[in-house]
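**Student:** Single-letter residue listing:
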Amino acid sequence: MGFPVSLRIDDPDVPDGPADAVFAWLREVDRRFSPFREDSEVSRYGRGELPAGALSADLAHVLALSEELRRATGGAFDVRLPGRGLDPCAVVKGWSVQRAADLLTGAGLRRFCLNAGGDVAVAGGPWRVGVRHPGHADRLCAVLEVSHGGVATSARYERGDHILDGRTGLPATGLDSLTVVAPTLTEADAVATAAFALGEEGVAWAAAREGCEVFAVLPGGRVLHTPGVPVAA
Amino acid sequence: MKRALPVLVLSAAALVPLWRYEPSTGTASGGTAEAAPTGTPSAAASPGAAGSTVVTGSTVPTEKGDVQVQVTFEGDRITAVTMLRAPDHPQTANAVPKLVAETLRAQSAAIDTVSGATVTSDGYKESLQAALDARGL
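If you read the protein sequences in the order shown, they are chains A and B.
So the first sequence is numbered by this note's numbering: it starts at 1 and just counts up by one.
So the second sequence is numbered by this note's numbering: it starts at 1 and just counts up by one.
One or more of the hints may lead you astray.
What the hints assert, rightly or not - To give a feel for the contact side, a few chain B residues facing chain A, derived at Cβ under 7 Å:
#, residue
1, 54
2, 65
3, 66
4, 99
5, 115
6, 117
7, 129
What the hints assert, rightly or not - Away from chain A, derived, C-beta distances all over 12 Å, residues of chain B:
#, residue
8, 58
9, 75
10, 128
Hints listed in this document are in silico derivations from the structure and should not be mistaken for laboratory results.
Idealized CB from N, CA, C, for every residue including glycine.
The following block holds chain A by itself, in its conformation from the complex (with noise of 0.2 Å):
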């Protein structure tokens, strides 16, 4: 999926295994989840070639996980939009950078930052986790302190609108970003892709799922956000 990844872990002892496992494990993933690889599962399931029984676990609960939101979005967030194939790139990259930090935590580290391409996974913070302005690629609209779970932002910047609303089949715009911060990355990531997506009734939306907490930014330079959103002092 072509996206830098960055870890830090701050444990006194820091044996090479696990990062080289987390690396591993979102190589991994690219080879089995990318649409953008025509023999992945994910292109082969797209285009009919696996019967639905025949699925990896692991695709059976991102795409259980797909359709929960498309259902709960009302159609707005949806992995299969007419004219385009099988894509749950959305869902899958916050679940498999989860499921990488669920890597590092297995193995005994306890402190550590993990950022897949902007999707953050923390543990035994605090950290201080910036958010991107959505105008200015340099610069912060909040600073939330986060001890440990996932944050991730969907935000419209200036290479352009990339979610699309499955209501319409439109560049969702109704918002300029939209950050999650939530006790996994998998919810995090899913809940701000699929709030993006319904626009601004959206961050009401991802608000009300359970351990959310939501900071948005709307077109005009207005903020929303949930009372509990952590924003550091």
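Please arrange chain B on chain A, whose structure you already have, making use of the hints.
**Tutor:** Showing chain B alone in chain A's frame:
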């Protein structure tokens, strides 16, 4: 702390109690809390199983404005109620999560990492995260 709407209704008549509904769980909001804007739904989403059914009510015009509700069933059990359309009325707005309104600010501050929309490998070179990573090496 999140709230689910305790309404299981699809008809205009049965929606009347909605306007009397006051969230029973307080939020930690300060004096700046304000109601969410018109048209925002409140979803009580729960993991959907293969057997769930989503029923969308028709849009019902009321004296307070148009109302439309979507309900998700798992068998006989209601697992989610979503306001697809809600009138812009204070008591209705209270039923959706409290949101704090502020003005967008641009800042620079000491941080450990940056959350943003997916950064591609091309865009990474100029990103804040690249600067943070370079500092750590």
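**Student:** Work down the list of hints and note, for each, if the structure agrees.
**Tutor:** These are the hints, each one checked on the structure:
{"no.": "1", "hint": "54", "result": "holds, 5 Å"}
{"no.": "2", "hint": "65", "result": "violated, 15 Å"}
{"no.": "3", "hint": "66", "result": "violated, 14 Å"}
{"no.": "4", "hint": "99", "result": "holds, 5 Å"}
{"no.": "5", "hint": "115", "result": "holds, 5 Å"}
{"no.": "6", "hint": "117", "result": "holds, 4 Å"}
{"no.": "7", "hint": "129", "result": "holds, 6 Å"}
{"no.": "8", "hint": "58", "result": "holds, 14 Å"}
{"no.": "9", "hint": "75", "result": "holds, 15 Å"}
{"no.": "10", "hint": "128", "result": "violated, 6 Å"}
Consistency with the previously given hints fails for numbers 2, 3 and 10, ordered from lowest to highest.
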